[in-house]
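2 protein chains.
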Amino acid sequence: MQVYEAPLRDMRFLIHELFAKDGFGTFPAHAEFTPDLIDAVLEEAAKLAHDVLLPLNMSGDEEGCTWENGVVRTPKGFKQAYDQFREGGWCALANDPKWGGQGLPETVNKLVEEMISSANLSFGLYPGLTHGGTTAIKAHASPDIQERFLPKMVEGTWSGTMCLTEPHCGTDLGMLRTKAVPQEDGSFKITGNKIFISAGDHDLTENIIHLVLARLPDAPKGVKGISLFVVPKFLIKEDGSIGPRNGVQCTGIEHKMGLKASATCQMSFDDATGWLVGEPHQGLAAMFTMMNTERVSVGVQGLGVGAAAYQAAVAYAKDRIQGRALTGPKRPDLAADPIIVHPDVRRMLMTMRAYTEGCRALSMWVARALDAERHSEDPEIRQRAEDMTALMTPVVKALLTDLGHEAAHLAVQTYGGHGYIREHGVEQYARDARIAMIYEGTNGVQALDLVGRKLPAHGGRYLRSFFHPVAEYIEKNKSTPGMEKMIDALEKAFGALQLATATIAQKGMADPEEAGAASSDYLRLLGLVAIAYLFARSAKIAGIKTMMGQDPDGFYAAKMVTVRFFYERILPQVAGLLTAIKAGKASMMDMPEEAF
Amino acid sequence: MQVYEAPLRDMRFLIHELFAKDGFGTFPAHAEFTPDLIDAVLEEAAKLAHDVLLPLNMSGDEEGCTWENGVVRTPKGFKQAYDQFREGGWCALANDPKWGGQGLPETVNKLVEEMISSANLSFGLYPGLTHGGTTAIKAHASPDIQERFLPKMVEGTWSGTMCLTEPHCGTDLGMLRTKAVPQEDGSFKITGNKIFISAGDHDLTENIIHLVLARLPDAPKGVKGISLFVVPKFLIKEDGSIGPRNGVQCTGIEHKMGLKASATCQMSFDDATGWLVGEPHQGLAAMFTMMNTERVSVGVQGLGVGAAAYQAAVAYAKDRIQGRALTGPKRPDLAADPIIVHPDVRRMLMTMRAYTEGCRALSMWVARALDAERHSEDPEIRQRAEDMTALMTPVVKALLTDLGHEAAHLAVQTYGGHGYIREHGVEQYARDARIAMIYEGTNGVQALDLVGRKLPAHGGRYLRSFFHPVAEYIEKNKSTPGMEKMIDALEKAFGALQLATATIAQKGMADPEEAGAASSDYLRLLGLVAIAYLFARSAKIAGIKTMMGQDPDGFYAAKMVTVRFFYERILPQVAGLLTAIKAGKASMMDMPEEAF
Chain A
1 MQVYEAPLRD MRFLIHELFA KDGFGTFPAH AEFTPDLIDA VLEEAAKLAH DVLLPLNMSG
61 DEEGCTWENG VVRTPKGFKQ AYDQFREGGW CALANDPKWG GQGLPETVNK LVEEMISSAN
121 LSFGLYPGLT HGGTTAIKAH ASPDIQERFL PKMVEGTWSG TMCLTEPHCG TDLGMLRTKA
181 VPQEDGSFKI TGNKIFISAG DHDLTENIIH LVLARLPDAP KGVKGISLFV VPKFLIKEDG
241 SIGPRNGVQC TGIEHKMGLK ASATCQMSFD DATGWLVGEP HQGLAAMFTM MNTERVSVGV
301 QGLGVGAAAY QAAVAYAKDR IQGRALTGPK RPDLAADPII VHPDVRRMLM TMRAYTEGCR
361 ALSMWVARAL DAERHSEDPE IRQRAEDMTA LMTPVVKALL TDLGHEAAHL AVQTYGGHGY
421 IREHGVEQYA RDARIAMIYE GTNGVQALDL VGRKLPAHGG RYLRSFFHPV AEYIEKNKST
481 PGMEKMIDAL EKAFGALQLA TATIAQKGMA DPEEAGAASS DYLRLLGLVA IAYLFARSAK
541 IAGIKTMMGQ DPDGFYAAKM VTVRFFYERI LPQVAGLLTA IKAGKASMMD MPEEAF
Chain B
1 MQVYEAPLRD MRFLIHELFA KDGFGTFPAH AEFTPDLIDA VLEEAAKLAH DVLLPLNMSG
61 DEEGCTWENG VVRTPKGFKQ AYDQFREGGW CALANDPKWG GQGLPETVNK LVEEMISSAN
121 LSFGLYPGLT HGGTTAIKAH ASPDIQERFL PKMVEGTWSG TMCLTEPHCG TDLGMLRTKA
181 VPQEDGSFKI TGNKIFISAG DHDLTENIIH LVLARLPDAP KGVKGISLFV VPKFLIKEDG
241 SIGPRNGVQC TGIEHKMGLK ASATCQMSFD DATGWLVGEP HQGLAAMFTM MNTERVSVGV
301 QGLGVGAAAY QAAVAYAKDR IQGRALTGPK RPDLAADPII VHPDVRRMLM TMRAYTEGCR
361 ALSMWVARAL DAERHSEDPE IRQRAEDMTA LMTPVVKALL TDLGHEAAHL AVQTYGGHGY
421 IREHGVEQYA RDARIAMIYE GTNGVQALDL VGRKLPAHGG RYLRSFFHPV AEYIEKNKST
481 PGMEKMIDAL EKAFGALQLA TATIAQKGMA DPEEAGAASS DYLRLLGLVA IAYLFARSAK
541 IAGIKTMMGQ DPDGFYAAKM VTVRFFYERI LPQVAGLLTA IKAGKASMMD MPEEAF
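Read top to bottom, the protein sequences are chains A and B.
All letters in the first sequence, in the order written, are residues 1 to 596 by UniProt numbering.
All letters in the second sequence, in the order written, are residues 1 to 596 by UniProt numbering.
Treat the hints as calculated values from the structure; they're not laboratory data.
Be a bit skeptical, because a hint or two may be false.
If chains are identical, the list can't say which one is meant, so a pair holds when it fits in one copy or spans any two.
Said to hold, decoys possible - Under the rule of at most 30 Å between Cα atoms (straight-line distance), these lysine-lysine pairs were calculated in the DSS-like manner:
1) Lys507 with Lys492
2) Lys318 with Lys582
3) Lys585 with Lys545
4) Lys478 with Lys318
5) Lys21 with Lys79
6) Lys21 with Lys98
7) Lys492 with Lys582
8) Lys582 with Lys478
9) Lys476 with Lys545
10) Lys540 with Lys585
11) Lys330 with Lys585
Computed from a predicted model, the values in this text were never measured in an experiment.
Construct the complete structure from the given sequences, taking the supplied hints into account.
Right, here's the structure in full:
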């Protein structure tokens, strides 16, 4: 039962209350986006998600994409939905007005991305990938390339891809073999094979703009010899109209566990014409511009699927009658009580809910930092925001996708046997969510990025962008009546995080494998503390509102229960995580390879 | 890459070493099963799994079962494989020699079940379901019914099913509607609809014997009005040969997330002829005879899939080259190092390994208890064994399926993007393993069974069958040189379990919802302590062997690393579980239903 309604109430709470005063200030560039306007955008997005995208989610999964003679066909209805999406201006939502975008804050954009991911993750990838491409072109390409590609990409008439992976290299891009040979006219001829290219071919847009990593003839070995190229499916004439076909072909699509309505393409480049984006051999940096944008979005994908799965589970738990409450019948009028009366069913629902609301708050915090980084007029705030997005990008990517996937499985479990049956649509969430833990860098790679790059950077400066507000908040609120117990738990969890950080800093300095062995547990620990901090702030607001009798719909009272659940039932995991981190690498590295 | 080889070395360790002296003693009924004979059986089973069942696992998933006009066809090759399985005597392995079984110990049987589940879980369900049926018939049916059905079922010429679930009732069997009307000849006419019937119809056996829950006309309401009937697909003539078709039809099969080569059938009974098994209205007890047998087997299914996934992940991690070790190249002869050099990849592999070996040890302990319960000549041992299987059945079912599923997902994660692609076969493990957490009673229902029935039974007597040996072991070994640290950790974890038990006993007495709110975390806590205990015993044996230089293949050294990993990286979770349990029900039960 796929029943998604965008959680607008919680979204409004985050955007207008929790993050109204968060130290990043306001930005003149966003002055025109009044709360009313933002609410109107969110409401429209909610309608789009519900009316246009949701109805195609199960049918898209069932039908999948098809490939025939180099051409990919998306499932029935996707083309019409994409046209409606594009015409509604949704492709241009957060993009630069200079290129036709609407320049909305990233906070609003991430909420819309969440709704799209909840309603139809497969669909969301088609416009979503374009975003990474435009970001790289804006940041690194020449004005000529920008003018040629950006307007059509921003409006969604053309879509984008990121062509990184090759059959023998995914994480280790240093091994890539695709070649780029310079031509006299300043263009390049690109030749090579790429795999796992999302939206590599499809029938939704009139052109597809590939951003391709390749090596120049004089390229040094490894990652320092990679350059970025823009390679359109169809060449573009002088007047900007569509020209002849370029030398790029989709040679097949993957049969996957899920995300079946999103075409995952094998691409063959055969003397395809492309243009350099940025400097020669600087492709990796340009690629990370795309990747970092995408990584936060992939985290939001995990959140979105988890949020949809939560709603499905709630609907089923209220509807399905089976057995009686442990304390005696609660609905004697029915043959049995709805299963939502059972504590263990509620444990599953509350876990999903706490994950979802906690991850949503974290994604909004990072979105605020993204906005501040781009739009704050205060250079000190910009720096702090930049530090925080650098730190939190791997956390958001890995934590939100891990928990989103877990939420999807809790929804399947809530359904029992019916959850395993395809027609109910809930197992699709589990299959779809699974990829987000893998693509744009596996979650293990995110954890390594966090401990290996982000922690040591600038003498730990990135970390301070997160530790300072948490420490300050604890200090300021520890004696606030009614908050003592929560702040105490937050302080203990934060203490565990600080201890874990010190352990990694110390051991990891001497032996990078020690940092690697701790990385995944550390990312989880940091993520749980981040959510605990944002939840403490949320509960404080909610507590005041309920105390003042300003809770007509029960939203704040419910928020307090959710926060309590998180603090009592999920946050205690930090103790075990710290112990595991302190144990060190021996129990992993001492096993001889042949003994596995 | 599905590459399964049965882990015979670990299996021999468990059966000949760890459980050679475990307080249950030896059984005259098993005197003929010498270690050599047992090893020979395990080796033959390993060959069967590898040569016959494994090659059909991916093709079976791809093709699935088909249903047409009431007839189910299994995937290509399944019929030949089943014939080979049956002719090899594998259907009769653990069954009573009285009915043509080979009477092998349950320990051996469970290891064989694990191999079958690893190689081809879908296949395993066809002979597996028969076992539950024969158990119920042996325990409850009249001699006449036993003679009519058991010989053919035991040899596998006929298969069995368990027909419990109806569209509106799964967990709550009290609501079931299928009717049984007595006939003059002592038979009954059965009418009603059942769903989710594994192996309800197929083309592997000449007859299918359904064990059906239904209500007699004078039945009291609820679970006290359920009776059990045996209903064959084809009626049986006086001479025992196949007679006319009975009034039972498969009206469709489910399209599922996984386990696609196992037919999950909708069954329609329309005046089907059946015979009562056991006393009228005592069907629930008879059904639990089947269920309990099946529940341990379902746990082993989870273990089996996890074990296969572990092997796939190891093979990939050794083969896939990508990046360099954090401490510098380990294979400078290659373009990159195999990913098994990375600590975080090893964290995933070691987690899978610790789960697999720990769960295997636990399943063997319970299998030993099952053997003791049936075959010990000492009534005191029989009682203790019975207590332990009663306590541990829900734990084995839930813990082994949870961890098996988690292991399967860790294998997918080890594969990265390739793990999401169907052709590699590893995502199939994740989909197949998923159902084991649901069927034969969801894992939430297992947890409720543990805290609601098993803990309080006979004043806590069941629990003592587990607590006593653990306490005794700690006491005896706490000052054994070299074991202090491990025993200290075991003692702390056991202390947490005792505290959690006391909390539940105290709060749950006053309010059953408190027990329900704690149930899943408690089951996990108890399961982790059980594995820790068995791992401590394993490590002790391994330590002595390595010290004496009796470790030519490195098995014991590897076992010690695995145990260390479990103690350092997994067991620390008990702290968080205890905190969560102590927090109580409020954060689940305080949320108003409409606020979800």
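Intra/inter-copy verdict for Lys21 and Lys79 if alpha-carbon distance must be at most 30 Å: neither (41 Å within a copy, 68 Å between copies)
Homo-oligomer pair classification [Lys545, Lys585; C-alpha up to 30 Å]: between (48 Å within a copy, 25 Å between copies)
Up to 30 Å CA-CA - Lys318 versus Lys478, copy category: neither (39 Å within a copy, 51 Å between copies)
Within, between, both or neither: Lys476, Lys545 at alpha-carbon 30 Å: within (20 Å within a copy, 58 Å between copies)
Alpha-carbon proximity between Lys330 and Lys585, which holds within one copy, between copies, both or neither at 30 Å: between (52 Å within a copy, 17 Å between copies)
Alpha-carbon proximity context of Lys582 and Lys478, limit 30 Å: both (28 Å within a copy, 23 Å between copies)
Intra- versus inter-copy proximity for Lys582 and Lys318 (alpha-carbon distance at most 30 Å): Between copies only: 27 Å across, 43 Å inside.
Within, between, both or neither, where Lys507 and Lys492 count as close if Cα-Cα is 30 Å or less: For Lys507 and Lys492, both the intra-copy (22 Å) and inter-copy (27 Å) Cα distances are at most 30 Å.
Homo-oligomer pair classification [Lys582, Lys492; C-alpha up to 30 Å]: Both: 16 Å inside a chain and 17 Å across chains, each within 30 Å.
Copy assignment of Lys21 with Lys98, given that the CA separation must stay at most 30 Å: Answer is within; shortest intra-copy Cα gap is 29 Å, inter-copy 78 Å.
Alpha-carbon proximity context of Lys540 and Lys585, limit 30 Å: Cα proximity of Lys540 and Lys585: across copies only (22 Å, versus 40 Å in one copy).
Of the numbered hints stated above, those contradicted by the structure are hints 4 and 5, listed in ascending order.
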